[in-house]
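Taken in order, these protein sequences are the chains called R and U. Read in order, the letters of the first sequence correspond to residues 0 to 601 in numbering that gives the first Met the number 0. Read in order, the letters of the second sequence correspond to residues 0 to 377 in numbering that gives the first Met the number 0.
No lab work stands behind these hints, which were simulated from the structure alone. Be a bit skeptical, because a hint or two may be false.
[What the hints assert, rightly or not] List of simulated lysine-lysine pairs, DSBU-like, C-alpha gap at most 30 Å:
no.: 1; chain 1: R; residue 1: K518; chain 2: U; residue 2: K257
no.: 2; chain 1: U; residue 1: K257; chain 2: R; residue 2: K556
no.: 3; chain 1: U; residue 1: K344; chain 2: R; residue 2: K547
Each chain is listed here by its residues.
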Amino acid sequence: MQVKQENIRNFSIIAHIDHGKSTLADRLIENTGMLTSREMQEQVLDSMDLERERGITIKLKAIRLVYKAKNGEDYIFNLIDTPGHVDFNYEVSRSLAACEGAILVVDATQGVEAQTLANVYLAIDQDLEILPVINKIDLPSARPEEVKKEVEDIIGIDCEDAPLISAKEGLNIDQVLEDIVNKIPAPTGDKNAPLKALIFDSYYDSYKGVTCYIRVVEGTIKPGMMIKMMSTGKCFEVTEVGINTSRHVSLDQLVAGEVGYVTASIKNVKEARVGDTITDAENPTEKPLPGYKKVVPMVYCGIYPAEGEEYSIIRDALEKLQVNDAALVFEPETSAALGFGFRCGFLGLLHMEIIQERLEREFDLNIITTAPSVIYKVIKKDGTLLEIQNPTNLPPQAEIDYMEEPIVNASIMTPTDYVGAIMELCQNKRGTFLNMEYLEETRVVMHYELPLNEVIYDFFDALKSKTRGYASFDYELKGYRRSELVKLDILINGELVDAFSLIVHEDKAYERGRTIAEKLVDVIPRHQFAIPIQAAIGSKIIARETIKALRKDVLAKCYGGDISRKKKLLEKQKEGKKRMRSIGSVDVPQEAFLTVLKYDEK
Amino acid sequence: MNSFSLYIHIPFCEKKCYYCDFTSFAKNSDMLEKYMLNLNKEIKLYKEQLSDYSLRTIFIGGGTPSCIEHSYIETLLENVFKTFHMDNLAEITLEANPGTLDNKKISSYKKIGINRISLGVQSLKDNLLNSIGRIHTSQDFKESFYMLREEGFDNINVDLMFGLPHQKLIDLKSTLEEVVSLDVEHISLYSLILEEETQIFKWYKNGLLELPDEDLDRTMYHSSIKFLRENGYEHYEISNFSKPGYECKHNLAYWKIKPYLGVGLNSHSNLFGKRFWNHSTFTEYNCLLEKKHFPVEGEEKIDRDMEIAEFCIMGLRLIKGIDKLEYRNRFGEDIKNRYDNVIKKHVHNGLIIDDYNYVKLTNKGLDLSNIVEVDFMP
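Next up, chain U with everything else stripped away, as it sits in the complex (with noise of 0.2 Å):
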């Protein structure tokens, strides 16, 4: 039986961080009430369609799913279960917030099935946090964490974040010193990527902030990676790192350009040969879902072609790189077939590294993959 992934969107937070284009929303209780109602309907609507699928990796994210009472969690996961083959389950991972979490909602998730906690944390410098407007302390973190693991969450993940205004190296060095002493298994540090439309890049725009510039940015990046190595963590993404072993299973999914459903607002899936995308306003939403229509804006058929770009281009973000057995047995041909001048001329670049079973980027190949991912494209 196939397996897929699924992705439930909880498009609702305390309050919008500066930074933050996702599609999310200060929470308002009817507003919710209705939300969480037809989601459970959109995922019932698959039923059918994903009755040859079994459930693999289930991750809820947004928005702060850890924002919203416990209970419409315990109902939406129990629907999933209801709704799908579940045998082969492997990971069900929430986002949480410090600031959000209590022993309640913790002791809840944990009987409901829920066996891995992302937190976004981004910094455990109080000054950066409040000027990038997230609501929580370092503090806030601190306690949180240590609820999860009186819970027994064994499998936790901490969002950290760099090239943040006025942050430091020193900065960076001392929240990362600080994560890694708590020995969590899993940590994705992300450079801010200033995107259109939020606070901080109006404010960027008016030069009323400053950012790290461009060598500061890659200088983080690497002593992080090096600082983290140093500590028993592996780099497998380019802004992902785990203890052996504990890698994310349903980001892999994405990675490795796998099936998977993305319910709920602004979702986007990867099934039967195409991705297709979710309204992104609740108006639209909630009204296709009252009448029992799938939620869907649009799609893109994803040929042979596409497939094997999209295989390539995610493939490198993974720092083993593109595996070239596992693309002969799901292609029929070598990589070389049709990428052969596109890697000579990379190798030659010093942006890839062409080895006997993988094809990876190369440390400047790790700051620079636009460039190389570019000729992957068909």
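Just chain R, with the same shape it has in the complex (with noise of 0.2 Å):
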């Protein structure tokens, strides 16, 4: 069918976790008459078990509706979606990028929460049109005027003619559709200039290779023509061009406010980072579209393989995540506790328990993470700089004339009561409060300025704990900041075990020491021998605890009927073993380097 760019709609659903981004999607593909309700899989966006099990868009794609209008006309819609979350910023705000319009899911019983927020503005960013929808009314906690009016106040969009939807209910959604016609602008752009095309999605798959998502804001891109990637100057000849409705159906080409995708045998997502813009080899557009920037990790971490498990096929896992996910980075490196590994980085906490529940899930890989650190900056007394995210490799104190540690910019959005309880807490992370807004009446977004590893450490968790999960937070990184660092370091049997190693704040070493340790008491099992647990910064030990000596492990009974018993008994015992790393003489549960990392409340 041969498209009108006036008749194309490019648009994004942006809306917090849970309040129902990815069940409108579904409703508007099964309005616009592509799908019946049997062929969808539910929530078809989210392909992924593990997106699917939190409720969270990881990894965007795009779809194409046709949807015919009450004016008689047929509209083309490109429904891209976003990630939600906000280690995945960078991907959200190019998504947008290849857009006109947003539309913006508020749920009517929980209003406007941060992550919402955070998304508004990088759509705001990019001079989108935004539609927004309240959500969930069908719930007898709605409360649609007020939610609307909170939108107004907060975000200052229109809300007057919002429609009032039920997603899950299939109510409304027509109103949805009819706005999306009138309301979002047409693309523009001229079909037979120089191609000038952003990818806002690339992912690998073993049958094609990379296929990009695109949107087409010059030109024309058709199989048989030279592309070049505009960041890396590397030349691809496209194989196969085409859209996504349920699946991949390819065409002739791809035009100017066009949004579809493009094979053209590219090895690895590493050559086709989302941002880029894709242009003609022979006949180049002159600037590239701007904002390409490389996505560089926050957060890092070991992940070892546990016991009996292969460090090559962990490699190979890696390697393949790698190739669908350009913002995983990884590279080997030892640990003498653990031994041959590799030091992940991850765009944030969230991205990093993805990879880690990924390669537990789909590789079946039994592997054990260290505590997540992030990059110091170590300035040494001969003025040489150095970045660290791996404690161990801290030069020695004696060499280090300071120590700088990456503060965000943090907005925790709550109702009022809970705002004794946040100042609290982000005192206890060495916060800097910054200012306190009121949304309504009980509602204020709170502003602080907070160390990133204290948000590392336990913060989501105690936040969740403290405001029964009503607060919403998001945090960006704000710059490097002069602090006052030391390395714990934990011994066990007096042994030191690098993969517990920590930088922590100097004020915060002596607790962080004793809980580990405390810790580390209930989770390894007691041995024939006495096994002191000490938390130390450099030569002096802070924190000492001891796993007494197990003095009795012995059937007294065995006769004929209690041999099989015996047997399952010692099966069990086996296959605990089986799950722990021996460091020195002591046998380490795996657990052991996950709870040292959670939070707990005392």
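Now that you have both chains on their own, put them together as the hints suggest.
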């Protein structure tokens, strides 16, 4: 079908987690008649199991829908999905850059939340037309009028005509569809100009190689032409272009204003980075689209094979994940305690957790992860600057002049009831209070500067627990600041276990050391000898606990009927031992590496 | 001809003790009648399968076999004698509780051929006996013991326990002294095992009673070993002591992984290259036997690797240790072939001794035998 540019609408849906983005997407897909309900797997856009389970969208995709509007004309809708979480901020901004409009979904029971704001601001930055939609009006606790007012007050968008919908029940979806036609502008751009297309997503499959999702801003792209990635200068021949309906449909060409996919036998997603501009190699455009940046990991941790797991299998799995996730970086490293493993960099904590879970779930690997770390700047006395993301690599204290740590600007949106608890928490996390705005009588947004290393420790869990899940949180990197940091080491049975080492603020060292030692006493099983657990800064022991020796592990009675039971017991013990790492003569269970990172309520 | 051992389970007691998680029930005469009938049927079912085997030892356990009428025991043993080859029989043990024995029973046991009595005594401190739910007193024990001696029983075991709630080292010591002064032939000395589902476990969990801690438990154990050795008893298994030549032949069959048949509710057998076990409810047990079916609930095939592991794990329970020569004769290879590293590791840990003929637990190894045994699992 020949597409008129003025009948194309390119848009995204933005929302806080759980506000109903994916459900609305499903309804739009259904109501445009492309798919029947039966054909739809629930939440079509979220393809990974993990995403579905967590209700979040990690990798974005685009889908093309045909809508017959009330004015009798057919419209092409390109719905471009965005990840909701702050860790994927850059990807959100790139997918928004492919659109002319965004549907802002706000939960009628929850109101505006921190992530909603963060994403709306990104959309406003891109000059998008924003269509507010109030969702979940079918719930008894819905308060649509208040929420509309909240959106107007906080975000400053007119909500007068905002559709009141229930994506779950399919209520008032037609209003949303008409608003898309009438309010979101059609794309512009000359299809005869030199090619200029934005990559807003790319993924690898072993069959076609890398597939790029693109928005053609100017010009035309077709199979056979040579294209150039403007950030790297690398050239590829286009093998296929097309659109994604419920599956890939290949086309002769994609022209300015259209959204679709391109394959060009690219072998690695690193060569088709999100945000890059594709142009015609023979007739290049002058300037790339603005905003391409290489994503920089903010959080690092070590990933090691658990007992009996192969190093090389973990490497293969990481490589496979990396072809689909250009933001994941890793390099080999060695730990005295854990042997050969990898230091991995992530966009943020959620990204880290997702990668860990995918390794365990999709690749069925048994891994041990070390405490996450951020990048510290170390200024040595001889003036050299080091960037350290593995505590083990910290030079001796005597060589260090001073250190700097990353600071984030955090905004926490909360009902006023929890302001006190949050202030206490942030203060405890070395936060600096900036200001507090009232969003309405009972809700505020609090702005804090927080050291990133406190955020990655247990901030999310603590916040959730202290506010019973009512507060939402968002942050962005602000910069580096000088700080009194020390390396905290943990010794088990007198042996330093590098995998437990942390860089912490001086004032926190004692408390952290004691907490870790106490937790290790709980998780490490008793051995035939007493095991001292010590926390140390340099050669100074700041906390000590002891795991008492096991005095008795014997079955008093073992006759004919007891042998099977006894064997079961031994088998269980043997299984348990498999999940241990030997550190010196001490068997340390894998959970030990995790539990020391977990928030515990006191 | 191969020999085998026979275990017969009598799952009835006057009353269940607070620490007991065995298959046993308070006595009920209808149930008992039906059960004994089926038990005799079960024995007969094995006649053919065991026609090439001769019976070496019999152990009638429970429950409390002495709490049922002695005529049942007579019928039972007569049935056994008729069913299996008896020319090699060496030992018939019956478990008895003080307080359930009288002269008539004892003389009937003697007449039918029982030659070893195992008395469940546990302690000679009446307050302790009471607190663990035993129905007898120390006086009952002494009376029963003298009656047995009078009737000519010259192989008597006494079961004792330590690590009992509120038990003190001195309580254990005086019990041992008294038992030793009676010159019993065999003593089984068990550390109390807290089993879930028992009354005592619930009390302990709810903080209602105090148990000796691990240190005291081990002090009790090792001081008992010392005392019994000084008094002429040989410590031959983790929890068992005997005068020379009075080791329990039946139990040795378990520890040496020799063939045995268990009959009765929830009994376990090790025969024909597999372990199998009976149903543990009366309904299923009775129902199957009434149809002349084996009352077997499940089985585990024992391959060579598992048999070797069992031989070592059970062999370590013996104070002498795993007999290397026996290992080589039985499995046609040296123990070092598969367990060299394990042995070295635990010699290094101080848990086992590897001498010329035996691999055995050290004193410390006796306390931590599970740590060693787990490494012998295939």
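Among the hints numbered above, which are violated by the structure, and what are their numbers in rising order?
The structure breaks only hint 1.
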